[in-house]
Structure formats: C-alpha cells, structure tokens
Amino acid sequence: MKLPVRYYSVVTQATKKFHEVIEVKEGMTVGEIVEQLCNRYGSKFREYAIVRTEFNGKVFYTPNVYLNGKNVHFPEDHPQGLNTPVKEGDLLELGLISGGA
Amino acid sequence: MYGWAGQRLRVDLTKGDIIKEPLDYEYRRKWLGGRGFNSEVIYREVPPEVDAFDPENRVCFGVGPISGTAAPSTGRVTVSCKSPLTDGHGDANMGGHWGAELKYAGYDQIVVQGRAKKPVYIWVDDDKVEIRDASRIWGKYPREADRIIKEELGDEDIHIVLIGPGGENMVRFACTLNDVYRAAGRTGTGGVMGSKNLKGIAVRGTGGVKIAKPKEFYEVCNRLREKFKTDPMRAGLWNYGSLCLINVANRDGWLPVNNFQFGAHPNANNFSGETHKATVSKGKEGCFACPICCGQFTVIKEGKWAGEYFGGPEYEHTVPTGPRVGIGLGDDANDVWHNARLTNDFGLDGIETGGVISWAMECYQRGLLTAKDTGGLELEWGNEEVVDKLIHQIAYRQGFGNILAEGSCKAAKKLGLPKEAEKYTITTRGMTLPGDDPRGLGFGYGLSFSMGTRGGEDHLRSLCCLELSGFLYPGLNTKVIGCEDPAKPTTTVGKPYMVYYEENQKASTDCLNVCCFTTHWSYAVLTEDQVEYLNTCTGLDFTVEEFQEIGERLTNLERAYWARHLSGKREDTLPDRFTKEPMPKTVPYQTNEGATVPLDRMLPTYYVYRDYDPETGFPSERKLKQLGLDYVAKDLKPYREKYKAMGRKAER
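Here the protein sequences line up with chains A and B, keeping their order.
Position 6 (the first sequence) corresponds to 135 in my numbering; numbering is contiguous.
Position 376 (the second sequence) corresponds to 377 in my numbering; numbering is contiguous.
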C-alpha cells in the first residue's frame with residue numbers, strides 16, 4: 130500500500146526532499162517503516178531520524194516520528210507506540226523537534 | 002577572586018559621574034550575577050513612583066561568574082530596567098560577544114542612571130571609562146553606528162551595545178542590540194536608553210577570567226561540548242537556527258496566524274528554516290563560546306527587497322511581522338525577511354511590533370478601528386504595504402504609528418476604544434505574548450505565560466521544555482515531576498510543579514548568563530553540570546539546591562516588584578483567545594483542533610508550590626523570609642492591604 134511520508138529539519142538533508150509516497154506492506158509497523166527508510170537513506174538519515182540523547186548515565190535512541198499528526202511516543206494517542214501498524218490513509222512524519230523559540 | 006570580576010560600573014549621565022563599586026562575597030553568593038544583580042538593583046533603586054522614562058530609572062547590563070569562559074554559551078547579557086511598556090519589571094537577554102568583553106574589561110555589571118544633556122555613548126576601555134559625544138551617530142541604524150564608532154576609536158575588535166531610531170524616539174518597546182544584530186528584544190530597554198540620550202556602550206576588555214580549578218573546569222567544559230555533538234536539539238538549531246521550529250509549530254498548531262485566530266497555515270513552509278536555508282541564507286554565526294551556533298545571516302536575492310541583508314532572523318523575530326499579521330502566506334516570503342530586517346535596523350522588539358500591528362488589524366477586522374483612525378491606512382491582513390509603512394511610522398513615532406508605539410494596551414486606552422478591543426491585545430501584564438500559541442505548544446507554557454515576571458512570557462522565563470522534548474530523555478520527567486505523564490504538552494498533569502521548577506531553573510541560568518538553548522531546551526547540560534562548572538570556576542561549593550534557591554529568590558523578588566506596582570492575582574490571566582476560544586482547524590492532521598488552555602485548573606496548585614498568598618497572589622511573608630528577603634516582606638505590607646482593598650472595591 131502507498132504511504133505518504135513528510136520530512137522536516139535535518140532529516141531533509143539526508144532525503145533531499147520534503148515529502149514522498151512510499152510503498153509499504155499492509156500491517157507494517159511504524160518502527161519497521163522507520164528502519165526501512167534508514168536502510169534506504171543511510172547513516173545520516175538514521176542519525177537524524179533516530180535521535181540520540183543521554184540522561185542519568187544512559188544513552189537513548191528515540192525515533193522521532195509522528196503518525197497522523199500525533200507523536201507515537203504518547204500512549205493515549207498511540208497505545209502501541211512504534212509497534213502501531215499503519216493503514217490506508219495514514220501519514221508519517223519524521224524530524225519534528227519541538228522546543229521554545 | 003575567581004569567576005567574577007568583582008565590581009560594578011555605575012555611570013550617572015546627569016552628573017557625569019563614573020563610579021566603580023565593589024561587589025562583596027555575600028552579595029555575589031546571594032544574587033550570583035546577570036539577571037540577579039540587575040533585578041536586585043532595579044528593585045532597590047527604582048521605586049514605584051518613578052516613571053520608566055524618568056532619569057531616575059536605571060538601565061542595567063549584567064553578566065555572570067562564568068561569563069567569558071570556555072563553558073558552553075557564556076556570552077549572554079541581561080539588560081534590565083523598569084519597563085516603559087508594562088510599567089513593571091523589565092528585562093531582556095541578548096547573545097553576541099559584548100558580555101564576554103565586559104567581563105574582560107573588569108566588570109560584572111554596568112548601571113546607567115540620569116539623563117545626558119545631549120546624545121552620548123559610553124566608552125569602556127578596561128579601567129578607563131569616558132562619556133563621549135554621540136551626535137554624529139544619533140539617528141543612525143545600529144549597523145552604521147557600529148561602524149562609525151569603531152572607526153572613531155580605531156579598533157575593529159571592540160563590541161558595542163546600541164539602540165536604533167526606535168530607542169531614540171522612545172518607542173515603548175524599542176530594543177537594545179549588541180554586535181549589530183543580537184537583540185535584547187523585550188520590555189523596552191532601548192526606549193529607556195533613548196530617554197537618557199544614551200546611544201550605546203562600547204567596550205574593549207584585555208583582561209581575562211580567573212579559574213579556580215582549571216583542570217577540572219576544562220574537563221567539565223569538554224565533556225559537555227562532546228555531548229552537544231550528538232544532541233538532537235543542537236542539530237536543528239545549528240542547521241536552521243530557531244526557524245527549525247516553523248514546521249513544528251505549524252504541525253502542532255501553535256504558529257500564530259492573524260493574531261492567533263488560527264494556529265497553522267498550509268503555506269507556513271514558505272518561511273521555514275528549511276526554505277530559508279535553500280533561498281536566502283548566507284552563512285551563519287555563533288555567539289561567544291557557543292557549540293550550538295544558531296545565528297543565521299540573510300540576504301534577499303529577488304523581488305522588490307533584493308539586496309537587503311541582516312543577521313537573523315530568529316523564529317520569534319520572523320513570526321510576529323510574518324504570519325501573525327498575515328504576511329508570507331502567499332507565494333513570496335521575502336516580505337517576511339524584509340520586515341524582520343526593518344525591526345533590526347530600527348531597533349524595535351519584533352515581537353511587540355508584530356503584536357501591536359496585529360492587534361490593530363484585528364480591531365480593524367472587527368470594525369473597532371476604521372481608516373479614519375488610522376490616517377487612511379486599510380489594515381487588512383497580509384497587506385505588506387501597510388505593514389511596512391506602520392513599522393516605519395512606529396520607529397519614528399509618526400501618524401498612526403505614534404499611537405502604536407505605545408504598545409497595544411496603552412494604545413487601546415489612548416484611542417478610547419470599547420472594552421472589546423482589550424481582548425485582542427493578546428498580552429499579559431501589558432506585554433504581548435510571543436509567537437507560541439499555548440493551545441498547541443503546551444499547557445505548561447500557558448501557565449508560565451500568565452505568571453512570568455516580566456509579562457508576555459516566552460523561553461526567557463519558564464522554558465517548559467520538559468513537556469516538549471522530555472520524552473526524548475526517558476526518566477527525566479520522573480526525576481523532576483515524579484511521573485512521565487507531563488511529557489505530553491496538552492495535559493495539566495504535573496504542569497504546576499513543572500513551571501515552578503523550570504522558572505527557578507531558568508532564573509538561576511539567567512544569573513549565570515548562559516544561553517538557555519544549552520540547558521533545559523536541550524538537556525545536554527543539566528543543573529548538576531551547571532553547578533559543577535560554577536564550582537570549578539569559582540572555587541566555591543554551591544549545591545544544586547542552593548543554585549535553584551537563587552532562582553527562586555530572584556523570581557520572588559521580581560514578583561514582589563510587581564506587587565509594589567499593585568499587580569498580583571487579578572493579573573495572573575491569559576487572553577480569552579487561549580482559554581475560551583477553541584482552536585480552529587486550518588490544515589489536515591492538525592493536532593490541537595478544539596483545544597483551550599485550562600489555566601484555572603493549574604493556577605491554584607502553582608500558587609501552593611510558590612507559597613503565594615491565595616488572596617493577593619503576592620509572595621507570602623514566610624517565603625520571603627525563608628529566602629533572605631526580610632526587607633521585601635516589610636516593603637510589601639502596605640501594598641498587600643491596598644491590593645485587597647482594590648479587590649473589594651471592584652467587587653462592589
């Protein structure tokens with residue numbers, strides 16, 4: 130099935146585009162699609178789309194991804210998080226980092 | 002002495018006196034520096050009866066104990082005064098290199114008082130200080146005045162704080178800039194300088210900063226700089242500046258369009274960081290010792306503004322004279338860059354400029370203002386000819402712009418508009434809110450907007466980034482708040498404590514005068530790291546608790562200053578737009594359709610954390626004494642009773 134994907138900020142430096150429509154298998158999860166895109170666009174994409182942070186002596190890798198306008202890491206919006214399967218009509222977005230301006 | 006320079010430079014422009022005052026250990030330990038030193042002076046030396054444009058107002062420039070060192074981003078400066086815009090506490094913060102130069106010259110703070118008989122600038126050449134004639138540069142843009150002063154003094158490497166025509170004409174929201182483009186934007190510090198006939202302050206510093214434990218200090222600095230290499234917030238800022246937030250704001254519905262009537266627009270990408278980089282970006286620049294280097298440089302290449310250039314813009318510089326007034330939403334974003342260039346060259350707070358124009362436009366939209374009031378100008382959304390004209394008029398106090406130069410709250414009163422017009426000012430305590438709609442950015446931001454101690458708050462008071470980027474640091478919200486729920490922007494869970502915590506943290510950071518982008522925006526630098534570089538630099542033994550208590554003390558002092566101006570609980574509000582008007586949907590997948598900010602659910606709990614008196618909202622006597630502010634507790638006694646009496650009268 131076809132899935133529209135949008136890219137923002139530094140992720141666009143790896144993809145060289147702001148948006149595209151990709152082909153994915155029905156039932157693929159958000160996490161699997163991010164991994165598919167990492168394999169397609171390489172290490173720079175992986176570095177920008179899966180953010181690395183440190184806290185309390187630990188290192189975390191968090192795919193920065195929105196599904197249908199909502200951050201996949203908030204359980205009330207996406208209870209299955211990165212394991213959420215995509216379906217027809219979904220929109221994936223990568224690279225949105227928020228902060229105060 | 003390590004860290005600090007240990008002295009304040011006081012310049013009295015009425016008498017022509019130049020005085021150097023030592024800053025003793027107790028004072029430095031209690032107030033730390035930067036915003037702490039400044040607010041302490043303003044509180045003590047500028048009582049409520051002094052008008053902001055009176056010679057007895059002060060304008061203060063403060064730096065911190067680690068300013069000018071290799072710790073990340075130590076070049077910032079706090080500029081403080083009694084604000085001519087709000088008539089309350091005012092301060093602003095700027096980057097650049099001037100702050101480090103001041104420290105190298107041997108000063109932690111400059112306090113300017115009085116009024117010169119004619120335009121002057123102050124020249125600080127290490128321990129030699131002069132008041133020099135500025136008649137040749139009065140009227141010049143900061144970029145021109147900067148060049149002329151450097152030629153006059155024969156040194157390209159000095160750093161200069163300046164005002165533009167806006168400040169000279171005492172626009173109530175005129176700003177101060179250093180290194181031409183780095184603005185201390187808010188609260189009208191440039192107008193106060195203009196009221197003193199003070200064009201600028203040039204500094205050359207050939208000294209340095211003594212470090213108590215250099216080996217340990219540089220180890221901390223290097224460790225933190227290493228973290229920035231992979232920090233995600235830094236990556237966005239490095240590449241696009243704070244314009245990296247345009248598309249985020251649009252996605253999450255916090256981009257102000259037409260005075261916050263909408264939170265998103267299909268064409269927002271026109272002026273995004275990504276588009277800026279591809280079309281008008283001409284390199285970048287960084288502030289002193291900064292690993293983030295978010296500064297951008299813009300050259301307009303096409304169209305009617307081709308050839309214009311300036312340093313910037315920031316997100317908050319772009320949005321107010323861009324989408325907030327309906328500009329940039331068609332095919333051409335160059336109008337957005339042009340308007341940002343104008344506010345730079347005129348030395349105006351871009352946020353307030355866009356705020357007052359968008360207020361007037363909404364009044365026009367709703368029939369509260371007509372072309373008869375505006376000198377014939379048709380204030381239609383997106384009319385660049387009108388926006389350009391108004392920015393000029395505001396800077397030079399001409400025509401309708403002369404009224405707008407008062408700020409929207411004072412302008413509404415001056416025009417005698419119906420009470421409805423006040424609703425569209427989108428201000429708190431008389432200062433307009435920046436380009437961040439709390440219905441999308443987060444409820445913590447909404448609470449901090451209402452409580453900020455200089456009005457109209459943004460990241461320079463409570464940087465509630467725990468609700469924005471906290472999810473990227475699993476466990477951080479739990480450490481601070483006790484659970485991970487507050488990591489979501491549109492929940493009230495944990496937000497009162499988050500705002501209390503982040504306000505104190507930010508205040509302490511402002512006393513150090515390091516950039517807030519390094520800490521608690523990015524979380525590469527945490528409070529423990531700040532205390533470590535502070536102690537290894539100064540040789541002292543601050544704890545995390547003492548460091549955060551300094552911020553709490555400062556917040557309470559500033560709150561008390563407002564209390565002396567009879568501003569308290571009744572003024573702890575948000576515009577109705579945010580609390581009563583559900584966010585409309587303007588783009589597909591907009592996440593915050595229908596949202597309003599439930600301020601009333603957060604405020605009482607926040608008051609408990611702050612230990613504010615529930616009737617007046619003033620800091621309690623108990624809290625003030627606990628923070629070593631007994632004199633403030635005594636000051637507030639008559640004002641408590643007066644504020645209560647005013648409340649009772651209003652109820653009748």
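Worth flagging that the hints you see were computed from the coordinates, not collected in a lab.
Careful, some of the hints might be misleading.
Stated by the list, open to error - Some chain A residues near chain B, calculated using beta-carbon distances under 7 Å: (1) I179; (2) T182; (3) V188; (4) F189; (5) Y190; (6) G198; (7) K199; (8) I226.
In this text, a Cβ means the ideal position worked out from N, Cα and C, and glycines have one as well.
Results of checking the hints against the structure:
no.	hint	verdict
1	I179	violated (9 Å)
2	T182	holds (5 Å)
3	V188	violated (9 Å)
4	F189	holds (6 Å)
5	Y190	violated (10 Å)
6	G198	holds (3 Å)
7	K199	holds (6 Å)
8	I226	holds (5 Å)
Consistency note: the structure conflicts with the earlier hints numbered 1, 3, 5.
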